[in-house]
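A.B. asks: Chains as they are written, first to last, in our numbering: chain A, 1 to 382; chain B, 383 to 764.
Take the hints with a grain of salt, since some may be wrong.
Unchecked claim - Partner residues aside, some chain A positions facing chain B, computed with beta carbon under 7 Å:
{"hint": "1", "residue": "Thr40"}
{"hint": "2", "residue": "Asn201"}
{"hint": "3", "residue": "Leu291"}
{"hint": "4", "residue": "Trp294"}
{"hint": "5", "residue": "Asp336"}
{"hint": "6", "residue": "Ile341"}
{"hint": "7", "residue": "Arg345"}
It is worth saying that the hints were derived from the structure and are not from the lab.
None of these values were measured; they are calculated from a predicted model.
C-beta: ideal position from N, C-alpha, C; glycine also.
Protein chains: 2
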Amino acid sequence: MKFATVALATSMALGASALVTATAEAKTIETRWADVEVETVAEGLVRPWGIAFLPEGRLLVTEMEGRLRIIEADGSLGEPIRGVPEVTVRNQGGLLDVALAPDFETSNRIYLTWSEAETSGSNVTSTAVAHAVLGDGELHNLTTIFSQYPKVEGGRHYGGRMVFSHDGRYLYVGLGDRGHQMKESQDLDSHTGTLIRLYANGEVPQDNPFVGQEGALPEIWSYGHRNIQGIDIQPSTGLMWAVEHGPQGGDELNLPEPGKNYGWPLITHGEAYGGGQMSETISFNKDGMELPVWHWTPSIAVSGMTFYDGDAFPEWQGNVLAAGLRGQVIARLEIDGNRVIHEERMAVDYRIREIRQGPDGYLYLLTDERDNAKVLRLRPAQ
Amino acid sequence: MKFATVALATSMALGASALVTATAEAKTIETRWADVEVETVAEGLVRPWGIAFLPEGRLLVTEMEGRLRIIEADGSLGEPIRGVPEVTVRNQGGLLDVALAPDFETSNRIYLTWSEAETSGSNVTSTAVAHAVLGDGELHNLTTIFSQYPKVEGGRHYGGRMVFSHDGRYLYVGLGDRGHQMKESQDLDSHTGTLIRLYANGEVPQDNPFVGQEGALPEIWSYGHRNIQGIDIQPSTGLMWAVEHGPQGGDELNLPEPGKNYGWPLITHGEAYGGGQMSETISFNKDGMELPVWHWTPSIAVSGMTFYDGDAFPEWQGNVLAAGLRGQVIARLEIDGNRVIHEERMAVDYRIREIRQGPDGYLYLLTDERDNAKVLRLRPAQ
Ligand SMILES: [Ca+2]
Ligand SMILES: [Ca+2]
Numbered sequence: 001m002k003f004a005t006v007a008l009a010t011s012m013a014l015g016a017s018a019l020v021t022a023t024a025e026a027k028t029i030e031t032r033w034a035d036v037e038v039e040t041v042a043e044g045l046v047r048p049w050g051i052a053f054l055p056e057g058r059l060l061v062t063e064m065e066g067r068l069r070i071i072e073a074d075g076s077l078g079e080p081i082r083g084v085p086e087v088t089v090r091n092q093g094g095l096l097d098v099a100l101a102p103d104f105e106t107s108n109r110i111y112l113t114w115s116e117a118e119t120s121g122s123n124v125t126s127t128a129v130a131h132a133v134l135g136d137g138e139l140h141n142l143t144t145i146f147s148q149y150p151k152v153e154g155g156r157h158y159g160g161r162m163v164f165s166h167d168g169r170y171l172y173v174g175l176g177d178r179g180h181q182m183k184e185s186q187d188l189d190s191h192t193g194t195l196i197r198l199y200a201n202g203e204v205p206q207d208n209p210f211v212g213q214e215g216a217l218p219e220i221w222s223y224g225h226r227n228i229q230g231i232d233i234q235p236s237t238g239l240m241w242a243v244e245h246g247p248q249g250g251d252e253l254n255l256p257e258p259g260k261n262y263g264w265p266l267i268t269h270g271e272a273y274g275g276g277q278m279s280e281t282i283s284f285n286k287d288g289m290e291l292p293v294w295h296w297t298p299s300i301a302v303s304g305m306t307f308y309d310g311d312a313f314p315e316w317q318g319n320v321l322a323a324g325l326r327g328q329v330i331a332r333l334e335i336d337g338n339r340v341i342h343e344e345r346m347a348v349d350y351r352i353r354e355i356r357q358g359p360d361g362y363l364y365l366l367t368d369e370r371d372n373a374k375v376l377r378l379r380p381a382q
Numbered sequence: 383m384k385f386a387t388v389a390l391a392t393s394m395a396l397g398a399s400a401l402v403t404a405t406a407e408a409k410t411i412e413t414r415w416a417d418v419e420v421e422t423v424a425e426g427l428v429r430p431w432g433i434a435f436l437p438e439g440r441l442l443v444t445e446m447e448g449r450l451r452i453i454e455a456d457g458s459l460g461e462p463i464r465g466v467p468e469v470t471v472r473n474q475g476g477l478l479d480v481a482l483a484p485d486f487e488t489s490n491r492i493y494l495t496w497s498e499a500e501t502s503g504s505n506v507t508s509t510a511v512a513h514a515v516l517g518d519g520e521l522h523n524l525t526t527i528f529s530q531y532p533k534v535e536g537g538r539h540y541g542g543r544m545v546f547s548h549d550g551r552y553l554y555v556g557l558g559d560r561g562h563q564m565k566e567s568q569d570l571d572s573h574t575g576t577l578i579r580l581y582a583n584g585e586v587p588q589d590n591p592f593v594g595q596e597g598a599l600p601e602i603w604s605y606g607h608r609n610i611q612g613i614d615i616q617p618s619t620g621l622m623w624a625v626e627h628g629p630q631g632g633d634e635l636n637l638p639e640p641g642k643n644y645g646w647p648l649i650t651h652g653e654a655y656g657g658g659q660m661s662e663t664i665s666f667n668k669d670g671m672e673l674p675v676w677h678w679t680p681s682i683a684v685s686g687m688t689f690y691d692g693d694a695f696p697e698w699q700g701n702v703l704a705a706g707l708r709g710q711v712i713a714r715l716e717i718d719g720n721r722v723i724h725e726e727r728m729a730v731d732y733r734i735r736e737i738r739q740g741p742d743g744y745l746y747l748l749t750d751e752r753d754n755a756k757v758l759r760l761r762p763a764q
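Start from the sequences and build out the full structure, keeping to the hints where you can.
C.D. replies: Structure follows, in structure tokens:
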């Protein structure tokens, strides 16, 4: 169960047909199991970052410059929704992810992440999480439930990707090392370089791994992460997996377990920008740190990821689909237990910011452009 | 410890220099960690299949048509050694692998595998294992220690690759399904589609997994294999790993554990020749069967494999290097525990039959040609 109940119910009511209209790109990608048609669902977006599936084929999309829009089932863009948080738009900062509350059907509640400033207009920022009620063209009752500590200068590595656990109780949020705070990714007294787990109301689950440990922040689920850009729940196990950017090489797929250390910046398969191994990194295992399940070296600049469990591509069920910015590919990973046993890459020829499975079983992608960015859809070729 | 003691001692006495002379091919392969120079050690071979490292930089190479030759350290080919077993040369049958006994330094004993006929000249064959003492230009005391049961018509899928355990006590031999005996790969009353474990003298270890089980052959270590073409011991663990050909896709890397079923022909990632999934296969897990650690789909027609633990390519230590015939590549796999966490492919542009690490830490390859096949060597570019 990957989506809010309402979306699934809608999907089932409509059968296997697509919920959203689209026009075909002049592109079919041949793959091992299917010929994949790339369709355009919507265009005219500016740096979209997150996507969520509303009932009746509507989409909710964030744009980094601070806009949240509804895309109608016919692909038309709605006006920006009023009442979003004030975001600091700088470099990688801005409005980031959007997710529906597990009880969206009754609550109309959504969740947002963004780069939150210390004071209005300040460049001292960190990643924050809020929920709000989606009304007619505006958000109500915006409530910030988490702010990454500390806020720092610089506009890099916000992380920001969210996912709810299957039972809807827990919200996982992937964060980043904020670019120049690498060493703090190994410390537990900051949220720098961590992945956190909250209850949906923002409270801290008392069985989080560092609750009660002096000097450790209780929201932390796992640490030693560089910049988490994709996160999803594995359908067969309920486990949360995540992808993160490496330092020019060493993009990672991890299976973050509670309390564990994923090594950044002490171990990585990447290298320093400009070439050469990073002075403080090694490329192999080290006691007390977890190696990734998979790494992409050279980097594809991994962005979003989704597990696939739809019917449109039955042979992909259980696979991870991870998107690449620089790589302009979708990497399809076959999973057995905690290991990848095969990778296939599909050349999409767009920088892809996010990939999510829709309630119709098709795959929805956001392209990463400042001008006329698109929502694309992958479906089996006719 | 990957080689007979004498070879390692020789290597250490000579320091890090190559034991064998060679001329550079006009080819350097750029890889993640090293620029790799491809050198020609020897040429003029016909369908070479197996290689072993003698003291003082000499090589022992099999040719499928029934010749065993010494290659001198200057690359010159010796005359065929007399006294090899009579082989049935047909399709994939012939003289196959060669290995030095763990006590070669004192015994001069070698091991051979080949396609053994029921009666001289018969097309009813199976894979056999023998040892013999390597004398001056001839073999003495040739003793067959194993014959795959049953012998059948047809010349495909002999397996034949051998490796000794680190302590020298056990000999592992990878076999095949003989091409038209697929279902028997699931049965324990034949050696079809199995990997076997013997003592060096050919006796059956009494702790083999099926010893004492009625109707099961005691030599079997693991089963459900299609056609094992490469086998090696992992330096850090002493565990034996193996690669096998899939049916047009689904080439596999496995970590064969005692008594376990590797699924052929019931599960595979390959497909029927001519396209389409094999009628009796599925591409995912099934109770009681092991998925591969890694699969290559589309197939590279995987042949030999070696773990790397040399000093010439320090960043490759612990990696698997697997060769491809059709793929004409070397696949470098980074290993963490029982999983592959990264693959890099190097285009060698030859069909490669075997890859082994030499005692000098360089990699030795056999090309697969009927005319002027070569021993190639990979070393760091100057
Ligand atoms: Ca890591
Ligand atoms: Ca198998």
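A.B. asks: It remains to establish, for every hint, whether it holds in the given structure.
C.D. replies: These are the hints, each one checked on the structure:
Nearest Cβ of chain B to the Cβ of A:Thr40: about 30 Å, over the 7 Å cut. The hint is violated. Here the hint on A:Asn201 is broken, as its CB sits about 37 Å from the closest CB of chain B, past 7 Å. At its closest, the beta carbon of A:Leu291 sits 4 Å from a beta carbon of chain B; the interface hint therefore holds under the 7 Å criterion. Because the smallest distance between the Cβ of A:Trp294 and any Cβ of chain B comes to about 6 Å, under 7 Å, the interface hint for this residue holds.
Residue-level restraint check for A:Asp336 holds (minimum Cβ-Cβ distance to chain B is 4 Å; threshold 7 Å). For A:Ile341, the suggested interface contact is upheld, since its CB lies about 6 Å from the closest CB of chain B, less than 7 Å. At its closest, the beta carbon of A:Arg345 sits 11 Å from a beta carbon of chain B; the interface hint therefore is violated under the 7 Å criterion.
Going through the hint list in order, the structure does not satisfy hints 1, 2 and 7.
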